[in-house]
Each structure stands twice: as C-alpha cells, then as structure tokens.
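Peer 1: Single-letter residue listing:
There are 2 protein chains.
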Amino acid sequence: MMTINLNIQTVTAFAAATCANVAVGFDILGFALENVGDYVTLSRRQDHEIIIDTITSNESLPYSTQHNTASAVIKKICQDLNIETGFTLNIRKGIPMSSGMGGSAASAVAALVAFNTFLNTPLSKNELAKYALLGEEVACGQQHPDNIAPCIWGGLTLIVSNNPVEVVQLPIPDVFCVLIHPHLQVATKQARAVLNDAVPLKDHTRQSAHLASFIAALYEKDIALLKNSLSDILIEPQRAQFVPGFYEVKEAALKAGALGVSFSGSGPSIFAFSASKSDAEIIRTAMQAQLENKHIHSDSWISRIAKDAAYVTELL
Amino acid sequence: MMTINLNIQTVTAFAAATCANVAVGFDILGFALENVGDYVTLSRRQDHEIIIDTITSNESLPYSTQHNTASAVIKKICQDLNIETGFTLNIRKGIPMSSGMGGSAASAVAALVAFNTFLNTPLSKNELAKYALLGEEVACGQQHPDNIAPCIWGGLTLIVSNNPVEVVQLPIPDVFCVLIHPHLQVATKQARAVLNDAVPLKDHTRQSAHLASFIAALYEKDIALLKNSLSDILIEPQRAQFVPGFYEVKEAALKAGALGVSFSGSGPSIFAFSASKSDAEIIRTAMQAQLENKHIHSDSWISRIAKDAAYVTELL
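Chains as they are written, first to last, in the working numbering: chain C, 1 to 316; chain R, 1 to 316.
These aren't lab readings, by the way, just hints derived from the structure by calculation.
C-beta atoms are modelled at their ideal positions from N, C-alpha and C, and glycine is treated no differently.
It is possible that part of the hints are untrue.
[What the hints assert, rightly or not] Below, a list of computed lysine-lysine pairs in the BS3-like style, where the Cα atoms sit at most 25 Å apart:
(1) 221/R / 221/C
(2) 221/R / 202/C
(3) 125/C / 221/R
(4) 221/C / 125/R
[To be verified] Facing chain R, according to a computed beta carbon distance under 10 Å, are these residues of chain C, among others:
(5) 3
(6) 4
(7) 8
(8) 26
(9) 76
Starting from the given sequences, assemble the full structure and let the hints guide the process.
Peer 2: Encoded structure:
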C-alpha cells in the first residue's frame, strides 16, 4: 500500500516544453527544452479534495479538475493508489496552449513529479508515464506519448511502445534548438484530422532512410549526416497550411545556417537546429522576420536539448 | 582518360550473397554473407569483344551479353570509359537464381571489381555502384541498390540515396545469420507486384519505431533491443504467400532461439539471426524441418555478416 510522507507539505515541480516528431520520427521521437515549461505546486490538504487554486497563464485554462490535465492525473493516481490525502494545485503555465510545445504533457508531468515526491515509495518513470498518458487523453482525446516521453525521461527519446510506454534514450546531439511559437492556435485534434490515413510506399521508404540516418548520425556525432537526414516528406507538407508562410520561414532558417527545420509536434510552433548559439540567434531573427512579413507575431526560445526535463524545484 | 594495366591478363573476383530489407528496412537495409557468392573471371582479349565463355551454375542463365548482368555492366563501363580492350567472362554462380539472395547484384559486382583491377586508376565504390545499378535494371527492370550496397561496401549498409548511391555503414552486430533457400522461385518483379502502393499511417509509425530501435540497438550492442525491434509488419505479411508454411518456419526459428526472422530481400529465402553458432545450427534444422513438412527442399548457410563482401581472389 502506498503512503504519503507526512513531513512534506508542499512540492513544486517543473516539467519542460517538448518538441515531438523531430521531422523524421512522427509520433515516436521527441526532445525536451531547457528553461521553458510549466510549474505545478502541490500542497497537502487536511481534507480529501483535489482542488485547483490558481492557474497563472496568459490564456484561459479549465479550472474544472476533470478537464485540467494536472488535476485530472492527480485525481486518478490518488484513486488508483487509494491515497485519501487531498491536494491543492497551483499551476504556472510557461507553455502556450495549442502551441505544439507539449503543454498538456508538461502540466501533467510536473503534477506527477510533485506528487511522486510525497510518496514514501516513489513510482518509476514508466508508471508515471501511464498516468501522464491519461492527461493527454483529457487534453486531446488520445493517449499519445510523444510529448510525455521526452518530458519524463528528458533528452531525445524514441518511443518503442505506446502503452505501456517504453523508451530508448538516444544520444543528445550537440546542437542548439531555436523554437518559434507563431501566435496562431492549432489544436492537436485539428492537426491530426488533416493527415492522410495512408502513406505512399515509396515515401515510407524515403522517410525511413531519413529516420535511420538520423539515428546513425546521433551515434556517430556526424553533424553533416544529421543535417542531410532532417527532412520530413510525409507529415510537414500536410500541416504547412496551418502556418501562413511556413515554407518561407523554413527557407529563411536554412539560409541562415539551420541544420534542419520542421514543426514542433503538430505545430504551429517550428523548431530549427543549429550548430552554435550565434547561428541560433541569426536563425531566430530570420524566422521571426518572415513571420512578421505575414503579420504574425511570435515568441521564441533558444535552448540546448535538456538532459533533465522534469524535476522538483521546491520542497517544504 | 582511363587506361588498362597491360601487365594483367586475368582477374577473378568474388562478390557475396546479400540479404536486403533485414525485416525493418524495406529497400534501404542490407547485409553481406561470408562464403556464399558468385565468382567472375575477366580475361583480357586481343580483340574488342565482350564475350561470355562459361557460366557454371545449376540453373540456365543467359549467355547473351546484353541480358547477363555481369557482361552487361562490363559492356557499359567499357563504352563509358572509352576502353577498347575486349574481355572474356567466366562466371561461377554460387547464388541460386530468383532466390532473394542478391545473385544479379553479386555477378555484376564481381565483374566490376575484377574489371576495376585492370584500371590504372581504379574507380571508387560509388562509381562502381552506378554501373552495378545498371545490372539490376538488366536483371529485374529497376535500379534498386538494396543488394548492390551491401555487396560493394560489405557489412550492414543503410542506403540514404538511391541514385547516386550513398551509403552509411552501420555497426555489424555480433550475430550469426542462418539463411534458408527454399526451392521455390520468386521473381523480384512478381514480389514487387504484390505490394500495396500505400502503407497505413499507423503501420508506418510502428514500423519506423522498429527501424529506429534496430539502428539504436546496433550502436548500443544491445541484443535484447535488436531482438525486440526485428519485426516487419508491412512487407512480410504481403509476401508470406510465396512460401507455403512461412509462418510455421518463422515460428520454429523463433522457438529455437532466433533473434529475428524474415525474408531475405523479396524472398523466397528466409534469414534468421542468432546469438551463437550452436543456436544457428538448431535454428537451421528447425526451419528446414518445417519446410520439409510442406515437401519443400531447401539449401542453407550459416554465416557471420561479412565485413568484406567483394574482393579479388586471383590475379594473373
């Protein structure tokens, strides 16, 4: 039987924004960013309630504990583990909604990591992933682990099994990630709905070659091979419609020295890899300028791929 | 201008049998075997003719120099390089026809490697591949490099570009290959014709995960991961029809300890990987027994993956 450490009153955990797909690995690859993510504070209550106290965000998020991913997963895990302690949640969203940056995964994972700290016998990452998946179902109707995996394990992850979630941690390439969030909202459901149910066999083969050479490039630390492989002929063309001027943004990034450019998850956010911080700055400027040409404002981040993506930041 | 070394009269080269696809990499992966392959002897003539003298084989192969892959590629390369020296070819086929073991590639590559030895400035592997591709066109109507690549480069190859052929040499896993050739003929054309033009997106994703984890397993030298990844949900089910009892053969191999089993190229040959030589012997026996149950005789080989696949064996 699982028990709560009664010496702990409040835990705050951070969980990072994540980029799923990574051009070559639709629904199987993802990586975590540094310094951008969500914070969830869990405070032990005297009653049995799970309650959201505050959500700090630029957007309006559901306070209903059934519809908020953070509270929904805490409710479910308390039920399953027969834990009768109640919790108050305070959520600070650093990740914009429907941005393709794994915001729903991050809130759920931050809540779970905070919760796990209360347990006298903490759960494994695989067990946490099971609950985080339920959060994804609350958020978008499907249990996709492509943001969950990099958010829980950190680094660059390959999902080899969806449910239960099984992950291979790939070598982290020595690159910088430029992440641009155009101020457009694309719901994951909508971004999935546009995809063809089938892939031409010859495109499957070509895309498989990109994926395999990307994995080889990671292990070989071969930046030229990584650059050659980072191309999505399958999914990106179907989703380019969601960002006016997407191809101009991509072209500008590549011209400015990007190693590869594609959507972060289902978009509209766009990531680019670069070999250096200074390249990253130039690439960011070029990408944002193209968006401004279309009168689209954007936020941006420059980050290494984060080795650790979810961790406790405060414990009282 | 290319010139011929007039001190050389006769060169014999060997080129190995190869297994394309390797379950997880349709049209992009392949590996070479040891000790089974074709030999081609090129003898310099006084006239300008390209002539096939003998073909040693259990089967009847075309003596027409336009339709034999070995002579066709020698004709073409002599034309392109403006070499007016004639050659007599003697071909010893160790690879059965239409077996899925890369016989046409091996004959072309052996001829090209022998030819290259005559050149005062030998051609690169990439240049040889270009001509070997023409041999594949002669043999099956299409320029597929999936047997060419492992035959020329050896080891386990990933094709990242078809034409020009570009290859990544992957780590060679520490396994034994059991190769069974059921006495059935499946023409490559026929084996391609049965394939659906499209792949369901969800199957693409699953198969991509298998491919990516296979590549990771090679670098990590992780035999358990290799075993988990070696699965073809796309192509194998469509070609199983060509070998009566295919699934029984596969099941028997896995029960006997195989790490993975699938078609070699487009079949009907079947390869299995095993962790040890003694496992390989047991797996071979089990597979052949299943075929015998269906009254299908077979040949078999047990081999490491060959580091070198094509080389000169005699020079006079």
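Peer 1: Which numbered hints are broken by the structure, listed smallest first?
Peer 2: Hint check: 2, 5, 6, 7, 9 fail, others pass.
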